[in-house]
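Full structure from sequences and hints, please.
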Amino acid sequence: GENVEQHPSTLSVQEGDSAVIKCTYSDSASNYFPWYKQELGKRPQLIIDIRSNVGEKKDQRIAVTLNKTAKHFSLHITETQPEDSAVYFCAATYTGNQFYFGTGTSLTVIP
Amino acid sequence: GAVVSQHPSWVICKSGTSVKIECRSLDFQATTMFWYRQFPKQSLMLMATSNEGSKATYEQGVEKDKFLINHASLTLSTLTVTSAHPEDSSFYICSAPGQTTNYGYTFGSGTRLTVV
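Chains as they are written, first to last, in the working numbering: chain L, 1 to 111; chain W, 1 to 116.
These are calculated hints, taken from the structure and not from any lab test. Quick caveat: nothing in here was measured; it's all calculated off a predicted structure. Glycine included, each C-beta is placed from N, C-alpha and C at the ideal position. Check the hints yourself; a few may be wrong.
List time: in silico PhoX-like cross-link candidates among lysine-lysine, alpha-carbon distance up to 25 Å [what the hints assert, rightly or not]:
| hint | chain 1 | residue 1 | chain 2 | residue 2 |
| --- | --- | --- | --- | --- |
| 1 | L | K42 | L | K22 |
| 2 | W | K66 | W | K20 |
| 3 | W | K20 | L | K42 |
| 4 | L | K71 | L | K22 |
| 5 | W | K14 | W | K66 |
| 6 | L | K68 | L | K57 |
| 7 | W | K41 | W | K55 |
| 8 | L | K42 | W | K41 |
| 9 | L | K37 | W | K41 |
| 10 | L | K71 | L | K57 |
| 11 | L | K22 | W | K20 |
| 12 | L | K42 | L | K68 |
| 13 | W | K55 | W | K20 |
| 14 | L | K42 | W | K14 |
| 15 | L | K58 | L | K37 |
Pulled from the structure, derived: some chain L residues nowhere near chain W, Cβ distances all over 10 Å [as the list claims (entries may be wrong)]:
| hint | residue |
| --- | --- |
| 16 | P8 |
| 17 | L11 |
| 18 | T24 |
| 19 | S26 |
| 20 | D27 |
| 21 | A29 |
| 22 | T78 |
Okay, structure coming up:
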């Protein structure tokens with residue numbers, strides 16, 4: 001099956017700085033890569049996703065890049081705000097419905 | 001949009017008892033439901049996949065006799081933790097493929113299980 005690795009496990013940034021989280025995957029057949037934000041005790045919320053036919057996608061302060069050759073994808077958050085503090089998970093799928101999640105990154109934005 | 005309702009949101013039970021968690025798709029038919037478990041400060045781990053009208057598929061290492069899954073209708077899937085023990089305390093969350101896109105994925109609100 002698919003194996004998704006995520007780094008770093010914890011990340012602290014000053015408010016206004018950028019944050020980058022990286023994930024690698026093992027199965028070259030994977031073709032959909034979502035990113036989820038999870039606040040304590042709550043369900044994961046989809047914040048951005050990218051398909052394998054696209055190299056980059058941006059939505060306001062959030063962007064995701066994908067390198068299919070190297071089998072890695074990254075989440076970029078610019079102009080970070082305290083409310084961005086949460087745990088972020090990457091995921092990969094090749095079946096279209098069963099997701100394999102990364103281990104998570106706990107992001108803290110320091111005011 | 002697609003909504004999955006999960007109940008209860010929080011439950012405390014005594015060791016040895018059983019707990020049932022329900023997930024209902026409110027405005028769409030969920031032929032498949034994924035059940036995940038999340039321990040504190042860890043990622044979501046797929047436990048099993050339930051399919052309406054057939055037996056659930058369990059991931060390696062998950063005891064099917066302990067975690068009973070039933071998908072009796074197109075809108076309801078249940079997970080029963082039988083003979084619960086403190087090590088079963090975790091956050092359980094269901095998810096179903098949505099309808100908005102080929103890869104749409106709707107999560108339930110999660111159930112915090114504490115076994116004392």
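Here is how each hint holds up against the structure:
Only pairs whose Cα atoms come within 25 Å are accepted, and L:K42 paired with L:K22 is accepted, the gap being roughly 23 Å. Under the criterion of a C-alpha separation no larger than 25 Å, the hint pairing W:K66 with W:K20 is consistent with the structure, at around 12 Å. Note on W:K20 and L:K42: the hinted pairing holds, with a Cα-Cα distance of about 19 Å set against a maximum of 25 Å. At most 25 Å may separate the alpha-carbon atoms for a hinted pair to count; L:K71 and L:K22 meet this at roughly 11 Å.
At roughly 16 Å between alpha-carbon atoms, W:K14 and W:K66 fall within 25 Å of each other, so this suggested pair holds. Restraint check: the Cα-Cα separation between L:K68 and L:K57 comes to about 14 Å, which is no more than 25 Å; the hinted pair holds. For the hint linking W:K41 to W:K55, the alpha-carbon distance of about 31 Å lies beyond 25 Å, and the restraint is violated. Note on L:K42 and W:K41: the hinted pairing holds, with a Cα-Cα distance of about 13 Å set against a maximum of 25 Å.
With a CA separation close to 14 Å, the supplied pair L:K37 and W:K41 stays within the 25 Å bound. In summary, the hint linking L:K71 to L:K57 is supported, as the alpha carbons are separated by about 16 Å, within the 25 Å threshold. Restraint check for L:K22 and W:K20: the C-alpha separation of about 37 Å exceeds 25 Å, so the hint is violated. Restraint check for L:K42 and L:K68: the C-alpha separation of about 31 Å exceeds 25 Å, so the hint is violated.
Using a Cα cut-off of 25 Å, the hinted pair W:K55 and W:K20 holds, with the two alpha carbons roughly 17 Å apart. Distance hint between L:K42 and W:K14 is fulfilled; the C-alpha atoms sit about 24 Å from each other, no more than 25 Å. The hinted pair formed by L:K58 and L:K37 meets the criterion: a straight-line CA distance of about 16 Å does not exceed 25 Å. In this structure L:P8 is separated from chain W by more than 10 Å, as the shortest Cβ-Cβ distance comes to about 14 Å.
Interface exclusion of L:L11 from chain W stands, the closest Cβ pair being 14 Å apart, more than 10 Å. Residue-level check passed: L:T24 sits 15 Å from the nearest beta carbon of chain W, beyond 10 Å. Distance to chain W confirms L:S26 as a non-interface residue, since its nearest Cβ pair spans about 16 Å, more than 10 Å. Look at L:D27: its CB is around 15 Å from the nearest CB on chain W, clear of 10 Å, so calling it non-interface holds up.
At roughly 14 Å from the closest C-beta of chain W, the C-beta of L:A29 stays outside 10 Å, upholding its exclusion from the interface. A cut-off of 10 Å between C-beta atoms confirms that L:T78 is not in contact with chain W; the least separation is 25 Å.
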